[in-house]
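Chains U and C are the protein sequences, given in the same order. Those letters in the first sequence? Residues 17 to 359, per this note's numbering, in order. Those letters in the second sequence? Residues 17 to 359, per this note's numbering, in order.
Treat the hints with care, as some may be off.
The list treats identical chains as one, so a pair stands whether inside a single copy or across any two.
[As the list claims (entries may be wrong)] Result set (DSSO-like, lysine-lysine): computed pairs, CA atoms no more than 27 Å apart in a straight line:
hint, residue 1, residue 2
1, 96, 230
2, 137, 96
3, 354, 96
4, 145, 96
Simulated from the structure, these hints should not be mistaken for laboratory data. This structure is a prediction, so every number in the text was calculated from the model and none was measured.
Protein chains: 2
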Amino acid sequence: MSRKLVILTEGHSNTHTAKTACSVLRYRPEEVEAVLDGTQQGMTAEQLLGVGGSIPVIGSLDEAPNANTLLIGIAPPGGKIPDSWLSVVLSAITRGMDVVSGLHDFLSDDAEFAQAAKNHKTQLIDVRKNNEHEIARRNGLREDCLRIHTVGHDCSVGKMVAAIEIVNELKRQEYDAKFIATGQTGILVEGDGCPVDCVVADFVSGAVERLILKHQHHDILVVEGQGSLVHPSYSGVTLSLLHGCLPHGLILCYEVGRETVTGIPDLSIPPLTEIRRLNEIMASVYQPCRVIGIAMNSNALTQQQAEQERRRTEDAFQVPVCDIFRHGTKPLVEAVLKLKQDR
Amino acid sequence: MSRKLVILTEGHSNTHTAKTACSVLRYRPEEVEAVLDGTQQGMTAEQLLGVGGSIPVIGSLDEAPNANTLLIGIAPPGGKIPDSWLSVVLSAITRGMDVVSGLHDFLSDDAEFAQAAKNHKTQLIDVRKNNEHEIARRNGLREDCLRIHTVGHDCSVGKMVAAIEIVNELKRQEYDAKFIATGQTGILVEGDGCPVDCVVADFVSGAVERLILKHQHHDILVVEGQGSLVHPSYSGVTLSLLHGCLPHGLILCYEVGRETVTGIPDLSIPPLTEIRRLNEIMASVYQPCRVIGIAMNSNALTQQQAEQERRRTEDAFQVPVCDIFRHGTKPLVEAVLKLKQDR
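Required output: the full structure, derived from the provided sequences and hints.
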């Protein structure tokens with residue numbers, strides 16, 4: 017039976033907090049019946065979140081009788097479910113719906129949810145739940161498989177989207193490429209991957225290495241980045257990922273106008289030149305690795321401003337720069353293919 | 017009732033793998049009844065492990081009738097208990113002994129051990145077990161508390177010992193200093209701390225920050241380092257710790273003659289100058305932080321060779337260098353106190 021999703025974003029329907037919702041709407045719209053947010057009822061998903069076309073925003077599960085799965089559609093800092101959502105989740109279970117969550121607080125660890133799911137024969141699917149237990153060994157990596165990794169200057173600036181879109185364009189050009197998902201949203205979109213930020217710290221790079229070993233029969237892997245090397249809360253996850261996937265090239269992602277670290281408003285993000293330097297230094301401990309292209313998220317700019325920003329960044333960094341949603345990914349894909357040829 | 021330990025190192029009684037045993041013998045000898053290694057029975061702990069004086073090495077629990085606790089004395093890569101030890105652990109439980117373990121494989125998750133412990137009313141104490149669940153916030157850190165952090169060029173080079181010995185010397189000089197343990201062995205020695213490598217990746221820096229917030233009523237904290245920024249398996253843990261404790265100064269630890277990365281024999285450790293550079297760069301993202309002293313582990317050298325190495329390193333790095341076991345920690349403590357005065 018195929019998934020028919022209601023995506024819960026109640027009271028949090030902004031593109032930043034509801035990034036899981038937005039990405040599933042963008043990449044899996046055929047699976048989505050409705051978005052559930054009683055505070056925004058009657059709109060379309062496109063009107064509410066800028067993506068999802070005419071998929072309706074509903075105020076109650078009654079309005080989506082065909083849905084069989086409730087998806088928790090937000091990714092708040094620290095990954096906790098809002099208290100006010102507990103009754104909605106319980107009501108979904110009572111209707112016989114499965115519930116899918118990417119939060120750190122596992123639904124299946126909640127005694128009330130677990131009992132309800134048992135009573136109603138539904139599944140609680142915690143995407144972040146894992147049992148990774150192997151350290152990285154730096155053994156068996158194939159050098160004929162090109163590894164590209166998206167990194168960024170902060171959380172939620174477009175690292176996952178850049179990785180997915182680059183892979184999609186490579187596939188359109190008939191290259192054998194694969195998106196390597198490393199976060200709950202990427203996993204929901206791709207159907208496989210590893211939720212690295214929820215792995216026991218000693219085993220994060222090992223988990224990433226195993227993902228690479230599993231998929232390196234493809235010609236090109238594009239590994240989704242997480243957090244940033246300068247985010248005090250998540251930098252360790254970022255470095256485990258960087259050292260676990262041992263990339264040959266980096267795509268640097270940034271959001272124009274993002275000035276302070278997510279969740280720490282009095283901490284200014286260092287300049288992008290410094291972000292590039294730190295990533296190249298830490299990626300190059302054992303083999304050279306450079307930023308080969310830049311994905312600019314210019315949501316906040318007009319078309320003209322975006323073009324000015326694009327040129328300014330391209331001049332400063334001397335690599336292709338583009339906004340994936342405005343310009344597509346062709347300049348970045350060309351940079352990937354050039355790296356592949358040059359190696 | 018005070019702990020009377022038998023330390024299990026069966027078949028692994030070398031100072032590298034049995035570092036937990038060595039450290040407890042060094043810093044808690046009054047708690048240790050015996051070391052259990054049937055392959056080395058009849059020796060003293062000092063003869064076997066270079067520490068522990070006349071504490072006997074025994075071949076069976078029968079030889080330590082007063083012991084009430086079995087301590088798993090090794091820390092293998094990846095943290096798994098050797099299969100051959102399972103019967104020894106079970107036998108200890110059957111005798112009514114508590115069992116303390118710092119391994120990633122939790123004793124309390126083993127159904128047979130858990131049932132036996134219940135039957136015999138003993139405790140299974142997994143030092144690495146934790147429920148850390150808060151991200152770092154970079155909020156509330158007191159600048160009148162000096163934070164020193166020991167870092168290194170590889171695993172098991174003396175970062176914990178350096179931190180403990182510096183704190184002990186500071187206390188001898190009547191400063192209000194505290195050792196912040198971040199690994200299972202340090203926790204066993206100090207009686208508190210956080211096993212950072214076993215925390216869920218997103219929460220490592222948060223767990224470290226909470227340790228700092230809890231103990232910053234002391235004047236000086238010396239935070240034990242873990243792994244290294246260039247170890248592909250553990251670099252993320254190292255960076256989470258570095259960014260979680262936000263040190264004012266670093267003590268760089270290295271072992272003379274250590275040339276390849278622990279567990280990855282074909283990977284050469286970068287030169288110590290590069291290790292210093294990487295640590296200072298990553299420690300200084302938001303505030304300047306430098307290496308203020310170097311702890312050299314010169315076990316493998318003669319006295320004369322060690323002195324030559326010490327001078328060479330001091331010339332190259334222009335900071336105090338000493339081997340803690342040969343020279344004590346006074347030069348490092350002076351560097352800490354100088355940093356405290358200069359701030």
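Against the structure, the hints:
Only between protomers do residue 96 and residue 230 lie at most 27 Å apart by alpha-carbon distance; the minimum there is 24 Å, versus 31 Å within a single protomer. For the identical chains of this complex, residue 137 and residue 96 are intra-copy neighbours only, at 25 Å inside a copy versus 36 Å across copies, given an alpha-carbon limit of 27 Å. In the homo-oligomer, the alpha carbons of residue 354 and residue 96 never lie at most 27 Å apart, since the shortest distance is 42 Å inside one protomer and 44 Å across protomers. For the identical chains of this complex, residue 145 and residue 96 are neighbours both inside a copy (14 Å) and across copies (21 Å), given an alpha-carbon limit of 27 Å.
Checked against the numbered hints given earlier, the structure breaks only hint 3 and satisfies all the rest.
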